[in-house]
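Residue numbers (my numbering), protein chains in the order written: chain A, 437 to 647; chain B, -8 to 425.
Read the hints as simulated data drawn from the structure, not as lab findings. In this text, a Cβ means the ideal position worked out from N, Cα and C, and glycines have one as well.
Under 8 Å between C-beta atoms, here's a sample of chain B residues computed to sit facing chain A:
| id | residue |
| --- | --- |
| 1 | Ala120 |
| 2 | Tyr161 |
| 3 | Arg328 |
Restricting the straight-line Cα-Cα distance to at most 16 Å, the calculated cross-link-like pairs of lysine to aspartate or glutamate (EDC-like) are:
| id | chain 1 | residue 1 | chain 2 | residue 2 |
| --- | --- | --- | --- | --- |
| 4 | B | Lys252 | B | Asp293 |
| 5 | B | Lys331 | B | Glu346 |
| 6 | B | Lys176 | A | Glu493 |
| 7 | A | Lys615 | B | Asp132 |
| 8 | B | Lys176 | A | Asp502 |
| 9 | A | Lys615 | B | Asp142 |
| 10 | B | Lys252 | B | Glu(-4) |
| 11 | A | Lys615 | B | Asp135 |
| 12 | B | Lys331 | A | Glu555 |
| 13 | B | Lys418 | B | Glu366 |
So you can see what is in the structure, the chains are spelled out below.
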Amino acid sequence: MSLTQENLARAKELIALYPEPRSALIPLCHLVQEQDGWLRPDAMEEVAALVGVTPAEVRGTATFYDMLHTESVGTYAISVCTNIACLLDGAAELLEHAEGTLGIGVGGTTADGAITLEEAECLADCDRTPCVQVNHRYVGAQSLESFDQLVADLRAGRRADTIPNHGTLVRVRRTVGLKADPAQIAAERAAMAAAQADRAAAKAPVGGSSS
Amino acid sequence: MAITEVPHIVTARRGYEDSHTLERYLATGGYEGLRKALTMTPEAVASEVDTASLLGRGGAGFPAGRKWSMLRKDPLTYLVINGDESEPATFKDHLLIESDPHQLIEGVLIAAYALQVTRAFIYVRGEFALGLERVQQALNDAYDHGAVGADIFASGFSIDVVVHPGAGAYICGEETALLESLEGKRGFPRIKPPFFPAAIGLYGQPTVVNNVETMSNLPWIILNGGAAFAALGAGRSTGTRLFALSGRVRNPGAYELEMVKTTFRDLIYAPVLGGGIRGSNQLKAFIPGGVSAPWFGPDQVDLPLGQDEVGDAGSMLGSGSIVVMDSADCVVRAAWRITKFFARESCGQCTPCREGSGWLERVLYRIEHGTGREEDLDLLLDVSDNISPGLQWPPQQTTICVLGPSIPSSIHSAIEMFRDEFLLHIKEGACPHA
Ligand SMILES: Cc1cc2nc3c(=O)[nH]c(=O)nc-3n(C[C@H](O)[C@H](O)[C@H](O)COP(=O)(O)O)c2cc1C
Ligand code: SF4
Chain A
437 MSLTQENLAR
447 AKELIALYPE
457 PRSALIPLCH
467 LVQEQDGWLR
477 PDAMEEVAAL
487 VGVTPAEVRG
497 TATFYDMLHT
507 ESVGTYAISV
517 CTNIACLLDG
527 AAELLEHAEG
537 TLGIGVGGTT
547 ADGAITLEEA
557 ECLADCDRTP
567 CVQVNHRYVG
577 AQSLESFDQL
587 VADLRAGRRA
597 DTIPNHGTLV
607 RVRRTVGLKA
617 DPAQIAAERA
627 AMAAAQADRA
637 AAKAPVGGSS
647 S
Chain B
-8 MAITEVPHIV
2 TARRGYEDSH
12 TLERYLATGG
22 YEGLRKALTM
32 TPEAVASEVD
42 TASLLGRGGA
52 GFPAGRKWSM
62 LRKDPLTYLV
72 INGDESEPAT
82 FKDHLLIESD
92 PHQLIEGVLI
102 AAYALQVTRA
112 FIYVRGEFAL
122 GLERVQQALN
132 DAYDHGAVGA
142 DIFASGFSID
152 VVVHPGAGAY
162 ICGEETALLE
172 SLEGKRGFPR
182 IKPPFFPAAI
192 GLYGQPTVVN
202 NVETMSNLPW
212 IILNGGAAFA
222 ALGAGRSTGT
232 RLFALSGRVR
242 NPGAYELEMV
252 KTTFRDLIYA
262 PVLGGGIRGS
272 NQLKAFIPGG
282 VSAPWFGPDQ
292 VDLPLGQDEV
302 GDAGSMLGSG
312 SIVVMDSADC
322 VVRAAWRITK
332 FFARESCGQC
342 TPCREGSGWL
352 ERVLYRIEHG
362 TGREEDLDLL
372 LDVSDNISPG
382 LQWPPQQTTI
392 CVLGPSIPSS
402 IHSAIEMFRD
412 EFLLHIKEGA
422 CPHA
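Please work from the sequences and hints to get the whole structure.
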């Protein structure tokens, strides 16, 4: 399982936006998740090859970030915020209710693979509490009743028009490449590549001495 | 000036359903600030921002004009916009990104011109799916409109802007962690010195990092002049600010208010703003500037919304987010949850922050859940003191970044203000509010 032709082309477009290919690492992980829902090991290898790092560096980076998943995720990831503003407005009770309704704990996925439940930190929508996102899209403040309705709607596919499957983050694509002075951009890339080579040389083990 | 007569500098288009579109933006004076800036010299543009005395809106409150003047001279420099907004209870950049992305982009272009930077990155928090789509769409449209790209508005100035998604990590809001993240790495803050972005930033090149709201003020400042901006507010806190109000008020929301001329009381109680405490409860405490800030009590409610005014009173205006707690709220539970957040988001590089946050979280948990001991209060303060020696404000730092010394804020405040409540939890073996 690897990137489709179309996504490979998109990956190359993304890489071209940065002075150093590695900067595209996170955007490429999002792209892989859009295709597969999560980061399969072989996909991480492919990203590594595309941006010129080791697969371990991709995994090491990905595991730092909450939104990048190295294990499979349900079609819909429901994130319930329990941070301060939501806590003051019943978020802990909502999360407990969600665990009961879905029959899973935080981090778990329902047996049908439809829903993963996450306890989120502040989602920056604190005037609509308790705050819930599905696949990182705001669904407004939720009561215990509206939460159950939300789950039923998701399962029945009734929210599919506004909430794409897990992994699809941004549906609007950049329509243009870099437009400023091409000579300058080329010079910048060359300077970055040289600096990168210097750093690599500096890191390489020298004559067996390790410090 | 009455609260409602203050000019809406960053929220002028808030009433429009289509405020995020190019059509609406152009119909309401959009890109006029950029056109004007392009007729000025870059130095003159920077000088207007300096005159405005625009303080950074990301949390530290450093003057934008001064920051720009510190950018090390180099043929290759970058501008990076911080749209990672994850300080708990802060939701104003979210609003600006979703509802007025062109205003943000115009601000970025004005800053890029003043700094003569030809590449800018807008780093947007990954959880802002709609925000990311709105900024990308706005950017696509701005390129088509000739506002971004080669020779913009036939001025001879060329600039590319790239929207970059985050992937869920609070620490990436810290500017050097953000640069690491933008380079495709884990969000580990860099040691300063030497890694001040203005000297050694993105890819080792000199870089200006500014917040979304900071940028969103620039079109107005250029159109109306820095002096008009500086005429609002008082002292060092000029202009307006978009305050995010949450918690136990009737009308939580983001309100653009004149700095200093408005007080916390206005924000919390004015009928057109917070509308007062919900139900029949009383104000118990409030956090004046994001959860990294020490708390205030009801006796501090008449303080003005100004950076130095709040700083002198022992806290900070920080990210401009105010959380209101009332008499029914449990402060132990609040301090525990805030500490749990820091424990979860510590990047783990520094021992006091990594280990201390976990310790504090566990001790607060057991007090809240009825198994605390009286010595726990001293233990909490002792561990806090190890993270931030002296527990003073502004805090001492033993760590690479200021996430560490922010951890004790809520704990120290809660114990100082509500020691009896902690003791009651311990004595009764349960949370009295549960
Ligand atoms: C732990 C931590 C988190 C931060 N999070 C943010 C953030 O989400 N957004 C932001 O603009 N600044 C944040 N900052 C402040 C930035 O480091 C930086 O000061 C700011 O982006 C500079 O922009 P300004 O001068 O325009 O305010 C954070 C700082 C720390 C220490
Ligand atoms: S203080 Fe905490 S978050 Fe900041 S660098 Fe150290 S361990 Fe990381």
